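The residues making up each chain are set out below.
Number of protein chains: 2
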Amino acid sequence: MKLATYQDGSRDGQLLVVSRDLSRAHFATGTATRLQQVLDDWNFLSPQLEDLYATLNDGKARHAFDFDPRRCMAPLPRALQWADGSAFVNHVELVRRARGAEMPASFREDPLMYQGGSDDFLGPCDDAVFGSADWGIDFESEVAVVTGDVLMGATPETALESVRLLMLVNDWSLRNLIPAELAKGFGFLQSKPATAFGPVAVTPDELGSAWRGGRVHLELASVWNGRRVGLCSAGEEMTFHFGQLIAHLAKTRRVRAGSIVGSGTVSNRDWSRGYSCIAEKRAIETIESGAPQTAFMQFGDTIRIEMNGDDGQSVFGAIEQRVVARAA
Amino acid sequence: MKLATYQDGSRDGQLLVVSRDLSRAHFATGTATRLQQVLDDWNFLSPQLEDLYATLNDGKARHAFDFDPRRCMAPLPRALQWADGSAFVNHVELVRRARGAEMPASFREDPLMYQGGSDDFLGPCDDAVFGSADWGIDFESEVAVVTGDVLMGATPETALESVRLLMLVNDWSLRNLIPAELAKGFGFLQSKPATAFGPVAVTPDELGSAWRGGRVHLELASVWNGRRVGLCSAGEEMTFHFGQLIAHLAKTRRVRAGSIVGSGTVSNRDWSRGYSCIAEKRAIETIESGAPQTAFMQFGDTIRIEMNGDDGQSVFGAIEQRVVARAA
Numbered sequence: 001m002k003l004a005t006y007q008d009g010s011r012d013g014q015l016l017v018v019s020r021d022l023s024r025a026h027f028a029t030g031t032a033t034r035l036q037q038v039l040d041d042w043n044f045l046s047p048q049l050e051d052l053y054a055t056l057n058d059g060k061a062r063h064a065f066d067f068d069p070r071r072c073m074a075p076l077p078r079a080l081q082w083a084d085g086s087a088f089v090n091h092v093e094l095v096r097r098a099r100g101a102e103m104p105a106s107f108r109e110d111p112l113m114y115q116g117g118s119d120d121f122l123g124p125c126d127d128a129v130f131g132s133a134d135w136g137i138d139f140e141s142e143v144a145v146v147t148g149d150v151l152m153g154a155t156p157e158t159a160l161e162s163v164r165l166l167m168l169v170n171d172w173s174l175r176n177l178i179p180a181e182l183a184k185g186f187g188f189l190q191s192k193p194a195t196a197f198g199p200v201a202v203t204p205d206e207l208g209s210a211w212r213g214g215r216v217h218l219e220l221a222s223v224w225n226g227r228r229v230g231l232c233s234a235g236e237e238m239t240f241h242f243g244q245l246i247a248h249l250a251k252t253r254r255v256r257a258g259s260i261v262g263s264g265t266v267s268n269r270d271w272s273r274g275y276s277c278i279a280e281k282r283a284i285e286t287i288e289s290g291a292p293q294t295a296f297m298q299f300g301d302t303i304r305i306e307m308n309g310d311d312g313q314s315v316f317g318a319i320e321q322r323v324v325a326r327a328a
Numbered sequence: 001m002k003l004a005t006y007q008d009g010s011r012d013g014q015l016l017v018v019s020r021d022l023s024r025a026h027f028a029t030g031t032a033t034r035l036q037q038v039l040d041d042w043n044f045l046s047p048q049l050e051d052l053y054a055t056l057n058d059g060k061a062r063h064a065f066d067f068d069p070r071r072c073m074a075p076l077p078r079a080l081q082w083a084d085g086s087a088f089v090n091h092v093e094l095v096r097r098a099r100g101a102e103m104p105a106s107f108r109e110d111p112l113m114y115q116g117g118s119d120d121f122l123g124p125c126d127d128a129v130f131g132s133a134d135w136g137i138d139f140e141s142e143v144a145v146v147t148g149d150v151l152m153g154a155t156p157e158t159a160l161e162s163v164r165l166l167m168l169v170n171d172w173s174l175r176n177l178i179p180a181e182l183a184k185g186f187g188f189l190q191s192k193p194a195t196a197f198g199p200v201a202v203t204p205d206e207l208g209s210a211w212r213g214g215r216v217h218l219e220l221a222s223v224w225n226g227r228r229v230g231l232c233s234a235g236e237e238m239t240f241h242f243g244q245l246i247a248h249l250a251k252t253r254r255v256r257a258g259s260i261v262g263s264g265t266v267s268n269r270d271w272s273r274g275y276s277c278i279a280e281k282r283a284i285e286t287i288e289s290g291a292p293q294t295a296f297m298q299f300g301d302t303i304r305i306e307m308n309g310d311d312g313q314s315v316f317g318a319i320e321q322r323v324v325a326r327a328a
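The listed protein sequences derive, respectively, from chains A and B.
Reminder that position 278 of the first sequence reads as 278 in my numbering, one-by-one numbering, no gaps.
Reminder that position 321 of the second sequence reads as 321 in my numbering, one-by-one numbering, no gaps.
Keep in mind the hints are simulated off the structure, nothing from the lab.
It is possible that part of the hints are untrue.
Where chains are identical, the list cannot tell them apart; a pair therefore holds if satisfied intra-copy or between any two copies.
Stated by the list, open to error - Calculated lysine to any residue pairs in the SDA-like style (CA-CA distance at most 25 Å, straight line):
hint, residue 1, residue 2
1, K251, L182
2, K184, E93
3, K184, P104
4, K60, G30
5, K184, E237
6, K184, R269
7, K251, A133
8, K184, R254
9, K251, P179
10, K60, W271
Keep in mind that this is a model prediction, so the values were computed, not measured.
Please build the complete structure, drawing on both the sequences and the hints.
Put into structure tokens, the structure is as follows:
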């Protein structure tokens, strides 16, 4: 099942069911108006949406209309939790190596994860607005899951069963603000501005056999200013699967329905696959030649992030954003 | 105006208006069922609740009933954002001094703030459940504000105008998990479990002249196992006022209605005022005698946090929690 949220002037938007090929959509009004409602009462409401999804895919939904991702908000336009892992340890290792630091061996057993802001997400085609290009504007292409309720102390296996939906993420990062902020010791705050999400959230069964072992075994394409800079495998090299990431979050507290847990920047050891964030490209340049050559994003730059299924069709639709200066 | 949320089996509970003396209450059903709804549409809905509040205080509300804080959830049982400052720099300085570290001078100009989890808050009388007493269980008595919408780049003055409500907070902390977690560089996650809030949220006018300069000029009492261990002034020594804390959060992104921003542990230079968290007591002991003497909380311990107004009456009602072991 594929779900999206249309702008309607409200803070939470209007829930839609979208056809598998992303061509057609139908309001979910008869069942729920907001995605969080469905997550709050998943076992009761999701079968109703699955029925509508089947009817829509059969071309038999009576009030269907063409789906337009430009009208989308994030599937959850605001959420109760956004916790982003850094599960592709290769990324962490590269960035550290570039600044001459070793990665602690424990990073392969104990996930890195930060708590992000979740009050204001960007839709897939929303402008990304920043106060200054000096902030070091960077995209981060990732995958995330939306959970149901998880008990404190849940095992990775139990935690994995809580996965309700998968989403595509652009975890905007302000690289030049990060060193000073992390040096203060309390983690990211200003250096992680509003995060963007792909047009539709999908249930894991939509991925078929590409969803296995708690990982998404598909390639994630990142296209910067029209040039494909990354086609990275989001599966094998994910050191921690989503069940492990959720269990990490649930170690000392319950995790409640509608929590979003991210994979962190998708990254592969094979550099020929390109990159899912500019920071990694700069790290590779630094390792190879002593200094970064590629600049971060400028106002007017565009980024497109998309993932195709085994059938070659777009799973989530595309994130397509432009970097824009805040009005003075 | 004072607002609370009663348990009703739902995730967001049922909104109440509570009388100034906390004796009587009335469901807000005619206006809104959830506090977030009111924050989403504050200018339209809050005057209706103010009318009900006036009627309730006059003893003329027809369906009023006795208010019972034990039936309360957190005023916002789950929220879109919980960002906690560390605005009492004295606390930061003490804890650092105890471990032989200086506090950077910049900490007096640039607030420390961490992004917390907001998907699962505790009510004022909810048990605080932990997996192990070895985690180093500690309370933190604080004050927090709930904001309206704030634009990216807002000034501290504008940000201060967004304050809708004030709340009492127990920011539970797991001290023995903090060093290893902060050493990883991404901030708190497991070391900050579910946060608890006082029974009622109040509009700033309820504090009269005690709310000035973006600070709460009242004393915060912390009572551990029946013994008052702190009566700290929450005003003068708050290095950053709430407008500055909100503006810090809004530097690179919008802050949306219903965001909760905390003061951090209330702390005074005069040690005779006691403490608002055990970590600070242990820091003082370390500075005085080379080692901490006071142990963190054990299962069965209780904590009571309360703040009286200039009239001697409880402003928010009391947080009264017991530390409990997670069922095996």
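Margin query: Please list, smallest to largest, the hint numbers that this structure does not respect.
Written below: 10
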